Every structure is written in C-alpha cells, then in structure tokens.
Amino acid sequence: MEKFTTLTGVAAPLMEANINTDIIIPIKRLVGTDRSTMGAYAFEPWRYRSEGVENPDFVLNQDGYRDATILIAGPNFACGSSREGAVWALDGIGIKAVIAPSFGGIFFNNCFQSGILPIVLAPDVVDDFAARAGPGAAFTIDLEALAITPPNGQPVAFEVEPFRRAALLAGLDDVGMTLKRADEIAAFQDADRVDRPWIYPA
Amino acid sequence: MTGPQTLFDKVWDAHVVADLGGGMNLIHVDRILLHDLSGLRALRMLKDQGHAVRHPELCFAAPDHTVSSDPATGGVGGFHETCVVPLAEMTAAAGIRHYAMGERGFGILHVMGPELGVTLPGATLVCGDSHTCTHGGVGAFAMGIGSSELVHAMVTQTLMQRKPKRLRVTFDGALPDWVSAKDMILHVIGREGAASGDGHAVEYAGQAIRSMSVEGRMTICNLSIEMGAKIGMVAPDDTVFAYLEGRDHAPKGAQWDAAVAHWRGLATDAGAAFDTEVDVDVADVKPQITWGTSPEHVIAVDGRVPDPDAAPDAEHAHALREAQAYAGLAPGEPIEGVGIQWVFIGSCTNSRVEDLRAAARVLDGRKVAEGVRAWAVPGSEQTKADAEAEGLDRVFKDAGFEWRLPGCSLCVGANGENVPAGERCVSTSNRNFVGRQGPGSRTHLASPAMAAAAAVTGRVTDVRKLMDGEA
Ligand code: SF4
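Chains R and U are the protein sequences, given in the same order.
Going left to right, the first sequence walks through residues 1 to 202 as this note's numbering numbers them.
Going left to right, the second sequence walks through residues 1001 to 1471 as this note's numbering numbers them.
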C-alpha cells in the first residue's frame, strides 16, 4: 500500500448529509468492473446526465475541482452498503482524503485498506473548510503533525487512531501485520475451544 | 474487577485476541458469510494475494444477490456465469460450504444464517454486506465489512476494530394492532435520524422486544445500519433458544446445554452504562412509510410530506427538496392515497414466514389492484417451503401476486430485476436510496402488512383502516 504522509491539494465540497454508497458507486458497476477502472463511475448518478454526458452542475466536473484530492462532505458520508467499490471509485478519481463530521462506519474502515484518510472534524470546522474551499485553493493535510492547514487559515488539529496512523505512514498492509500474530491467534483459539466448543465444528 | 457490563461489552471482551494500542483491537471472528458480489471479490483478492482461507469450516456461502427470482428461469439469470458459478467453484476449491439455489438451506445470507443455526448467540459473524447486523436478532455480534476486511477475516480469522460506543434503544409498551417490528424501527430512524447510530453498537431492549419473535428482532436489527450503526443486538433468551434448537448447524446434545448456559449470561447487567439511550413507547407508533430517498424520510401513514422551509438549516432543506423532486411529491401532501405501481414483499428485512403471514392476512380474499405488479419473494428455500406448507403461496397467488424464488431480487436489483424509472414501489426492504430498485425507481419502505394493503388498493393505504374490525 502507498504511504500517506502529507497531502496538499484542492478540496471539493459535497455538503449534503447522508450521501450513500449507491451514489458513490452504483451496484451495477460492482459486477464486471475492475477495481482500477471504477473511477470512471464515481458518483455516476450525479456526475453524468446520461451515459457519458457530464453534468456541469456537479462540483467534480467544474474547472479547478477536477483535480481535487480531498472531499469535504456532510455528516454520515458514505452511509449505506459495505461495498468497498465506493473507496476504489474515489481512489480512481484521485481522492486521497475525505473530511466530514461523521462517516458510514464500514466505509470509514474500508478507506484505510486503500490508504485513503477519513478525517472526522466538528461540523462548524467542516463548514468553515467548505467555505474556504475553491478552485485551485490548496489544503495541506499533515498526517505526521496531525494538522490540516486550510487556504488562508490556521492549522487545525485532527485525530487518527495511533495504530491506523502508523500503518498509513509506513504503508503497511493489515493482513501482513496480523499474520505476524499467528501465535496469539492460535493461543486464543486453543483457549476458546475449551470455553466455547460449539463455535468450532468437529 | 469489572463493573456491570452491557451485552455488547461481554461479547466484545470475549473476542479480543490482542490489544493493538490506541483503541484498536484484534478480535476473533467466529463465522464468515460470503455472497456472490463482495464474497466472490474477496475470494479472488485472497487468491491474487497468495493467501489461504484459515478456517474454511467457519465460512458459509450463497449467491443471494444475483440469482434470478423468476420461477421460469429456475434461478438462472444474467449473472449466472459471472457471479453464481464462480462463487460455487471458488468456495468448492477452498473447502467452504456453499448453498446453491434450489437446495434446502439456500437463501438470502441474513435469512439463512439464523435459519441454519450458523448464526449463534454471542458469536461474532461478518459478511461483506452492511445488513449483516440482522443476525443480532439472535444475539450475535454481527457486522458488515468491506472486501479487504473480508480477506483479512478469511486469512487470519480476526478483524482489526475499534470498540464502538454503546447505544440502547428501549421499546416499552404494547404494540397496537397492525403495527410491526418494521414500524418500530422506522419510527426510531425517523425520529433520531439516519446518522444517529454512527459509531455505535445498538442493543434493543424493553418489554416490546422481549415479547417479540426472533423474526421481528431480526427485522429491527436489520435496520440498525440505516441509522448508521454497524451492529444491532438483542440479548438472547428462551425465545431465541427455542428458535435455534435442532437447526442444522446449531450445537447438539451436551454441547447445546453448555451453550445455552453460557448464552444465558450474556444479558446486560443492571446498572451497565450506555453512551446513549433512546426510549420509545410503542403504543405511540403508527404504521410507517417512507416518502423520500433516505430511511429517515419516514412518516406515519396518516402524515404529510414535510415542508423544506421548516427544516432546521439550509442543508437539510436542500436535501428535502432534492428528495421530493426525485420522489415526485410536494410538501404538505398526504402520503396516504399516493398511487403506486409495484409492491415488493421480500428482502432480508421482511421475507420470513411471519412477514409472509402478516401480508397474507391482508391479502386473504382480496385482489391486487389493476395496474399493480406485486411480487412475493421468500427469503430462503426453507422459508418458501414452510410458507407453502401453510398454504401461504396460494393466498398470494389467488390475490394476484407472483410467488417467486428466494434471493435479494428487487431489493437492490443486482440481478437485473428492477422497478422501471418513474414508477412507485411499496417495498418491505430497507433502502429507498435514489435508484436503489433500478434507475429512476421510487421506493416507499413499509411493513409487509402495509405493502399488502397498498397492493390491493393501488395506493398508499393505512392497513388499520383497510382491516378495521378484522384485527
Ligand atoms: S435483501 Fe437487500 S439488503 Fe438484504 S442482503 Fe440482499 S440486497 Fe442486501
């Protein structure tokens, strides 16, 4: 996985509440679409008026926002389905971080699997960032320092679980890390087979 | 020394393999379910990464999403070659128990898991599907995860998770006639909001839950994710034990007795603290129906489409306007009487025998209104067989419903079964998102009885009025 240390880029505001994963990647794109090509269908119902015809009103179709690497979103961003395609679609259009007051919990975890950083901030801070966002206006997210500097503004602190932060900074892969704990897992299971034998079919 | 603990804390603590620091834990996964979209994808990712499935005997699979529900096809739809067959092949190669369509046991994973006794109280269960929270109805700690996490679970039998906060929803009082589990949970989502459970594990408690069937509890837990919570649970009790005893994969003999003794200890202790508490008197709950494009856009059937001008802020007002434009409904319009073209009774929310019975009570002796297409899609082969043994299929068919094959079907349209653009469907499923039942389709979520009432009148109908005197 790619490392995440510092990110400087344009932020696109999508402030509606409860933007769901069906909007971020429609179900029909989950079959037969490779992970690497899902970006073409990111926000498909909003991004296109019809097959291949862009909707000029959608922020990511506007000049100065096409290269956005950050999304600023309303509460409960990416609620709904567990589809990891939602993360892959965002990754496919170059989004590396999402800032919102809250997230759909499954999406939140999925982000880390692709090295995308989901950041939870207070609603008024998110609103302030959205107001500062603009075509070409750069935000800087420093994962090492745990601070975001908005355009023409002071750095704002944010939190990431220390474990997740370390993994992102080093670009570590979850499965690889956990496999190093094979002995602990085996020890847990040995004890658990005694406590709850019904969990382990003979 | 531990103080009083919640049900969730007890189950969580029993599964911690390692503390990863900074609030993250490695937790043991007891059961893994795989379906034909995310499950197949995860199996392929796992293979590409050169890993093996650590405990195939703890994994179970079924192609619920893309199978056709059309009896004329025998279940073989447009995704047979791309999704259904590969899932069967890859699970066979990995030594994972796969239930094929047509086989007893096959069904929507969230219906078949409890039905087969794969899902057990106090067990952790994951699936690449957000409605995995359904399994909490029998007291499991079950949640949806992404494909990468699914790979992690299959390879290591663990997951990296942060312990969520605890939310308790207490339902007290007596449920009025024709008001169901579905109405209770939609009522909560409408009142508290689609994000109110973000970051929480929910426990549903109270007298109205204790006196509820396992099926109803699963319906309630199913919609946990629609208020933002990945996990919903009900403490296991005698109702659950009676439901599970003797099921194919449930423990047997002395192991059953030991398991029940263990499960009895899983209730929340008196005085255990929750981060958030919500109390509902179910006597106040009326039949619910959604009008918009989020499950929180829900009102009582005698209510009106809300006025965006009365919304708390500009963003909410904007969202309401967008939803109303999509739904083709005006502010202040009564929802009762809105004409509909489709009815779908099915999905992991409401496709169990009890749901079919509730709908059949309404349909008995009535006919589906002209211009309405109505589908009943049982949640599993077992449910279908049980319903047919009771003669419920006859009631549906006599009323003019299509009695179809089990699977997700019209809930999500992943199999190509869609509600046409612009048409309105009263659906017993769980999501009314834009385009959920097909591009441009308009979904109104409701209970099975409300869906049946809409089917026979051709419009959104208050089932209480339709059935006046028949309760
Ligand atoms: S029935 Fe609907 S909600 Fe349930 S698993 Fe299938 S698609 Fe998902």
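No lab work stands behind these hints, which were simulated from the structure alone.
A few of these clues could be false.
Derived pair list, reagent style DSSO-like, types lysine-lysine, alpha-carbon separation capped at 27 Å [unchecked claim]: (1) Lys1010(U) <-> Lys1397(U); (2) Lys1163(U) <-> Lys3(R); (3) Lys1252(U) <-> Lys1367(U); (4) Lys1163(U) <-> Lys1286(U); (5) Lys96(R) <-> Lys28(R); (6) Lys180(R) <-> Lys1252(U); (7) Lys1163(U) <-> Lys1010(U); (8) Lys96(R) <-> Lys1163(U); (9) Lys96(R) <-> Lys3(R); (10) Lys1397(U) <-> Lys1465(U); (11) Lys1165(U) <-> Lys1047(U); (12) Lys1047(U) <-> Lys1286(U); (13) Lys28(R) <-> Lys1252(U); (14) Lys1286(U) <-> Lys180(R); (15) Lys28(R) <-> Lys180(R); (16) Lys3(R) <-> Lys1010(U); (17) Lys1047(U) <-> Lys1010(U).
This one's a predicted model, so the numbers in the text were calculated from it and none came from an experiment.
Cross-check of the supplied hints:
1. Lys1010(U) <-> Lys1397(U): Answer violated: Lys1010(U) to Lys1397(U) is near 47 Å, above 27 Å.
2. Lys1163(U) <-> Lys3(R): 25 Å, holds
3. Lys1252(U) <-> Lys1367(U): 45 Å, violated
4. Lys1163(U) <-> Lys1286(U): 35 Å, violated
5. Lys96(R) <-> Lys28(R): 24 Å, holds
6. Lys180(R) <-> Lys1252(U): 35 Å, violated
7. Lys1163(U) <-> Lys1010(U): 12 Å, holds
8. Lys96(R) <-> Lys1163(U): Distance ~25 Å between Lys96(R) and Lys1163(U) Cα, so the pair holds.
9. Lys96(R) <-> Lys3(R): 11 Å, holds
10. Lys1397(U) <-> Lys1465(U): 24 Å, holds
11. Lys1165(U) <-> Lys1047(U): Not satisfied, since the Cα-Cα distance of roughly 35 Å exceeds 27 Å.
12. Lys1047(U) <-> Lys1286(U): Violated, at roughly 50 Å.
13. Lys28(R) <-> Lys1252(U): The hint is violated at about 42 Å.
14. Lys1286(U) <-> Lys180(R): 54 Å, violated
15. Lys28(R) <-> Lys180(R): 37 Å, violated
16. Lys3(R) <-> Lys1010(U): Measuring from Cα to Cα gives roughly 36 Å; hence the hint is violated.
17. Lys1047(U) <-> Lys1010(U): 35 Å, violated
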